[in-house]
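4 protein chains.
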Amino acid sequence: MVMQVCDLPIPKKIRLAVKHEQTQKTIIKINGVSIGGDQVAIMAGPCSVENEEQMLQAARAVKAAGAQILRGGAFKPRTLPYSFQGLGKEGLELLAEARDETGLPIITEVMSTEDVELVEAYTDILQIGARNMQNFSLLKKVGRSNKPVMLKRGMSATFNEWLGCAEYILSEGNTDVILCERGIRTFEQITRNTLDISAAPIIHQISHLPVIIDPSHGTGTRSLVEPMAKAAIAAGADGVMIEVHPNPEEALCDGGQSLSPEEFMHVMTGIKPIISAVNRRL
Amino acid sequence: MVMQVCDLPIPKKIRLAVKHEQTQKTIIKINGVSIGGDQVAIMAGPCSVENEEQMLQAARAVKAAGAQILRGGAFKPRTLPYSFQGLGKEGLELLAEARDETGLPIITEVMSTEDVELVEAYTDILQIGARNMQNFSLLKKVGRSNKPVMLKRGMSATFNEWLGCAEYILSEGNTDVILCERGIRTFEQITRNTLDISAAPIIHQISHLPVIIDPSHGTGTRSLVEPMAKAAIAAGADGVMIEVHPNPEEALCDGGQSLSPEEFMHVMTGIKPIISAVNRRL
Amino acid sequence: MVMQVCDLPIPKKIRLAVKHEQTQKTIIKINGVSIGGDQVAIMAGPCSVENEEQMLQAARAVKAAGAQILRGGAFKPRTLPYSFQGLGKEGLELLAEARDETGLPIITEVMSTEDVELVEAYTDILQIGARNMQNFSLLKKVGRSNKPVMLKRGMSATFNEWLGCAEYILSEGNTDVILCERGIRTFEQITRNTLDISAAPIIHQISHLPVIIDPSHGTGTRSLVEPMAKAAIAAGADGVMIEVHPNPEEALCDGGQSLSPEEFMHVMTGIKPIISAVNRRL
Amino acid sequence: MVMQVCDLPIPKKIRLAVKHEQTQKTIIKINGVSIGGDQVAIMAGPCSVENEEQMLQAARAVKAAGAQILRGGAFKPRTLPYSFQGLGKEGLELLAEARDETGLPIITEVMSTEDVELVEAYTDILQIGARNMQNFSLLKKVGRSNKPVMLKRGMSATFNEWLGCAEYILSEGNTDVILCERGIRTFEQITRNTLDISAAPIIHQISHLPVIIDPSHGTGTRSLVEPMAKAAIAAGADGVMIEVHPNPEEALCDGGQSLSPEEFMHVMTGIKPIISAVNRRL
Numbered sequence: 001m002v003m004q005v006c007d008l009p010i011p012k013k014i015r016l017a018v019k020h021e022q023t024q025k026t027i028i029k030i031n032g033v034s035i036g037g038d039q040v041a042i043m044a045g046p047c048s049v050e051n052e053e054q055m056l057q058a059a060r061a062v063k064a065a066g067a068q069i070l071r072g073g074a075f076k077p078r079t080l081p082y083s084f085q086g087l088g089k090e091g092l093e094l095l096a097e098a099r100d101e102t103g104l105p106i107i108t109e110v111m112s113t114e115d116v117e118l119v120e121a122y123t124d125i126l127q128i129g130a131r132n133m134q135n136f137s138l139l140k141k142v143g144r145s146n147k148p149v150m151l152k153r154g155m156s157a158t159f160n161e162w163l164g165c166a167e168y169i170l171s172e173g174n175t176d177v178i179l180c181e182r183g184i185r186t187f188e189q190i191t192r193n194t195l196d197i198s199a200a201p202i203i204h205q206i207s208h209l210p211v212i213i214d215p216s217h218g219t220g221t222r223s224l225v226e227p228m229a230k231a232a233i234a235a236g237a238d239g240v241m242i243e244v245h246p247n248p249e250e251a252l253c254d255g256g257q258s259l260s261p262e263e264f265m266h267v268m269t270g271i272k273p274i275i276s277a278v279n280r281r282l
Numbered sequence: 001m002v003m004q005v006c007d008l009p010i011p012k013k014i015r016l017a018v019k020h021e022q023t024q025k026t027i028i029k030i031n032g033v034s035i036g037g038d039q040v041a042i043m044a045g046p047c048s049v050e051n052e053e054q055m056l057q058a059a060r061a062v063k064a065a066g067a068q069i070l071r072g073g074a075f076k077p078r079t080l081p082y083s084f085q086g087l088g089k090e091g092l093e094l095l096a097e098a099r100d101e102t103g104l105p106i107i108t109e110v111m112s113t114e115d116v117e118l119v120e121a122y123t124d125i126l127q128i129g130a131r132n133m134q135n136f137s138l139l140k141k142v143g144r145s146n147k148p149v150m151l152k153r154g155m156s157a158t159f160n161e162w163l164g165c166a167e168y169i170l171s172e173g174n175t176d177v178i179l180c181e182r183g184i185r186t187f188e189q190i191t192r193n194t195l196d197i198s199a200a201p202i203i204h205q206i207s208h209l210p211v212i213i214d215p216s217h218g219t220g221t222r223s224l225v226e227p228m229a230k231a232a233i234a235a236g237a238d239g240v241m242i243e244v245h246p247n248p249e250e251a252l253c254d255g256g257q258s259l260s261p262e263e264f265m266h267v268m269t270g271i272k273p274i275i276s277a278v279n280r281r282l
Numbered sequence: 001m002v003m004q005v006c007d008l009p010i011p012k013k014i015r016l017a018v019k020h021e022q023t024q025k026t027i028i029k030i031n032g033v034s035i036g037g038d039q040v041a042i043m044a045g046p047c048s049v050e051n052e053e054q055m056l057q058a059a060r061a062v063k064a065a066g067a068q069i070l071r072g073g074a075f076k077p078r079t080l081p082y083s084f085q086g087l088g089k090e091g092l093e094l095l096a097e098a099r100d101e102t103g104l105p106i107i108t109e110v111m112s113t114e115d116v117e118l119v120e121a122y123t124d125i126l127q128i129g130a131r132n133m134q135n136f137s138l139l140k141k142v143g144r145s146n147k148p149v150m151l152k153r154g155m156s157a158t159f160n161e162w163l164g165c166a167e168y169i170l171s172e173g174n175t176d177v178i179l180c181e182r183g184i185r186t187f188e189q190i191t192r193n194t195l196d197i198s199a200a201p202i203i204h205q206i207s208h209l210p211v212i213i214d215p216s217h218g219t220g221t222r223s224l225v226e227p228m229a230k231a232a233i234a235a236g237a238d239g240v241m242i243e244v245h246p247n248p249e250e251a252l253c254d255g256g257q258s259l260s261p262e263e264f265m266h267v268m269t270g271i272k273p274i275i276s277a278v279n280r281r282l
Numbered sequence: 001m002v003m004q005v006c007d008l009p010i011p012k013k014i015r016l017a018v019k020h021e022q023t024q025k026t027i028i029k030i031n032g033v034s035i036g037g038d039q040v041a042i043m044a045g046p047c048s049v050e051n052e053e054q055m056l057q058a059a060r061a062v063k064a065a066g067a068q069i070l071r072g073g074a075f076k077p078r079t080l081p082y083s084f085q086g087l088g089k090e091g092l093e094l095l096a097e098a099r100d101e102t103g104l105p106i107i108t109e110v111m112s113t114e115d116v117e118l119v120e121a122y123t124d125i126l127q128i129g130a131r132n133m134q135n136f137s138l139l140k141k142v143g144r145s146n147k148p149v150m151l152k153r154g155m156s157a158t159f160n161e162w163l164g165c166a167e168y169i170l171s172e173g174n175t176d177v178i179l180c181e182r183g184i185r186t187f188e189q190i191t192r193n194t195l196d197i198s199a200a201p202i203i204h205q206i207s208h209l210p211v212i213i214d215p216s217h218g219t220g221t222r223s224l225v226e227p228m229a230k231a232a233i234a235a236g237a238d239g240v241m242i243e244v245h246p247n248p249e250e251a252l253c254d255g256g257q258s259l260s261p262e263e264f265m266h267v268m269t270g271i272k273p274i275i276s277a278v279n280r281r282l
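Residue numbers (our numbering), protein chains in the order written: chain A, 1 to 282; chain B, 1 to 282; chain C, 1 to 282; chain D, 1 to 282.
Warning: the hint list may mix true and false statements.
Because identical chains cannot be distinguished in the list, a pair is counted as satisfied if it fits within a single copy or across any two copies.
[Stated by the list, open to error] In silico DSBU-like pairs for lysine-lysine, Cα to Cα no more than 30 Å straight-line:
no., residue 1, residue 2
1, LYS25, LYS147
2, LYS89, LYS13
3, LYS89, LYS63
4, LYS19, LYS140
5, LYS89, LYS29
6, LYS12, LYS140
7, LYS89, LYS140
8, LYS19, LYS29
9, LYS272, LYS25
Hints in this document: simulated from the structure, not taken from any laboratory.
Generate the whole structure from the sequences, applying the supplied hints.
What follows is the structure, encoded as structure tokens:
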């Protein structure tokens, strides 16, 4: 079929992250969830781990609504040193406790080479944040981990720069790399970012790596999470990452874009017909 | 339902284009097609009208595939004065001929105040291009027309600037304004523009006006038209605008983003399950 | 000397606006002022013409401080139709009166093809604003005028797009085109725009046309006008355009970036050593 | 004098990097050079340290032309893992050798928390690159160093984000922070970046920290280094950073923007009248 022909140029200097020899999609399996295959992976949970009760409530809620992976931040990159920086190791322990109770694998961010061993001892997927996309020392370090890595796109990175960063991880031997579009910076000021939905079909043309889309950070706006999650899945994303908090009004960060458990349940109901329409499944 | 609450601020100085008093969506009816209601409007046709055969073949093809509105440019805004500038009045006549044969209403661009009378004598919808979004003289002139106006978003315009331009048209008395997202300029270089799918849900929160999304100009890439059309519809767009040419390789402009009749038929087949999934119809 | 070699590519499809055959700079003479030669042209005056007293006071002040050209807007492009749109023909008459009294040639904006005859009957230089940079009908019309045209750069235009617009004017026969950098849109929010000082040396490498830089619109901030005017001249600009109002606090538009007569006098004193340092003169 | 009044808002949440209590400029003294005072500091040298001969030739050349500080990269952030990554420790040793011979203090980049001790053992100023501007772990680590830190602005960072990163360093106790503007990403494609000259007057209004401007990275174009260095100094920059290579055609990185020793000598001659015009000295 004509539409499957690739119109976009495959960058020649990138060896592993693009479709030169490997033309089959990379599928990453984590505790029974497959990322990059038929399934649409739903990663959900709070922006940051705040305390045991908050984390367990969030974990139960996202599990009940059908999410397969639990997110939560223990190390938080903040614009100023005086903002809440995350609970660190205690946050990792609370995430592990939530996994033990719900069975959901967890994903959490690592911000420093010095914390990689600590974080990989707890998490199922290591997340590299947008601000660290080109922190090459960190990329090389997680490239030597045996845990999958989800690499967020930098705020004004091009696709080829992003794939170049994935190459840093892959070239160290870690083949399990997931890309995550989280919104790019544009001139628009009524939303926090502009979510680039085209990341899914573009990366799928050039690369074999799976693509997750994050409509929570990508819009910064609660009411836009559902329509943009639908758009992401319709465009072929391999999953979505959504912020859910038991009580968004009291969240220590990103409350304005976090969904309550009821709102998240509503979003999950809303995306199911789209998942079916593109012949995929939860 | 919680998700319908509007999170975004309604700009106070804009009176007519936003939801102050008019909270019901504006629905614009043209020859039996409704834009802004249950229907998803498909506008399709060549970038520019080139000759009778090309125009009629394109018109028949898009009609056969299910499009309800025929597009084609008679006046073309080009980066250099030496590029093909469109057939002008002859192009309008060929568009009218294609409408007569197929019954499809037509949309075409007007670039100058001096041409408004001429163009509105032929077309069913007047289009204002992205480069003229803030051509305020032209906006006022089409604001006094009795034909609907589709206003494309400027390449780096914010939503409030775009709505301010719609206000210029509305404040002259023309209530039939359609907004069209056609891609914004970003740092990405492997696509022509970055299609901002969030335009649909954002405009629908702030404004009562219908929103069309143009994945052809919005990506500049043939293979991205289908996934981005699906995303647009999933996010709530009231229609899509797609470039179709009988022979894209020989198109006088925008060949790289134009679909052949077969490719367009394939896209129409692909979007139908998404249209159903969001409870709309062609 | 090695530094004079041009590193930047001359666009091949642009014929008249770039250095193919014409390698000498274009010098435009208006009432004894030369733009593009040894002189640094200072264009100054209020954002908009408001009334006779305001206009005459502004004209006397900028003349006294050493400006050679008087600016003032009679037709104003505004984001919303409800904002002050300028005095129109009455504004042109007040500008002419100020010229008669001071002897300063005037520059004012024309926004519509229909107003070109009217405006050129009064003004010495026609200005095309940033929002109309790609209003091709207007460009062609002023290309047939016998008055010089100053073309402002669009808010997110590339250099080649800008030169392509100059080409529209030149290709109609008008050889007197001045380019004006007025700030580009960036992510920065504490200033209105980001003034691209590199416009001067870049355009001078590629094109023979003179370049004016506008630090008032380019920063939107009174206190930044002086340092950025100095930078513009140091980088080789052929002149600067500065907003001056007898009473900035009461200006109908752009008061925050307008200088009082005293402040403008201070700026003129400040730039003189820079003008000497680059071997130019007022 | 009116023009010294600050028009720009001082961000309240930033405590140390802005002018709340400390209104006098920070002056940083390194081996007899003062950064932030009357002197204009010239930092020059090759993009990367390649070998002993190249480094010594570059050092002698920049010293002879009047530069006071020697730059050179031993750890290089590169878009792909297969590009030359710098000589590491060997590069630091060659830098130290060049310092011993010429007496010029040196500045070099540190990319990883793990390398901070190593790099600070050799260098006089630690440089944090644009890609690591928000590598908060690294910022905290150099904030505990007793060496001055020069923090480059991220490619699409706002001024307040940049100052927030300086705050990370200052809040750990290191008061010697220099800010360096190195060009922001814009839509322009004929230059590598767009150098934001307004960084100098804007930062000087809001902050007490010195500002260096880098016209080499900021334009990526050899012929633009001189005019933009002049502009930077005219706008009040406390210094400029310029890439110089004994043989730019054979440079392992950034050859297109590197000056030969003769070209650098020419630039130094060209900027002297501007330095005098703003009442500063080398």
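Which numbered hints are broken by the structure, listed smallest first? Structure breaks no hint.
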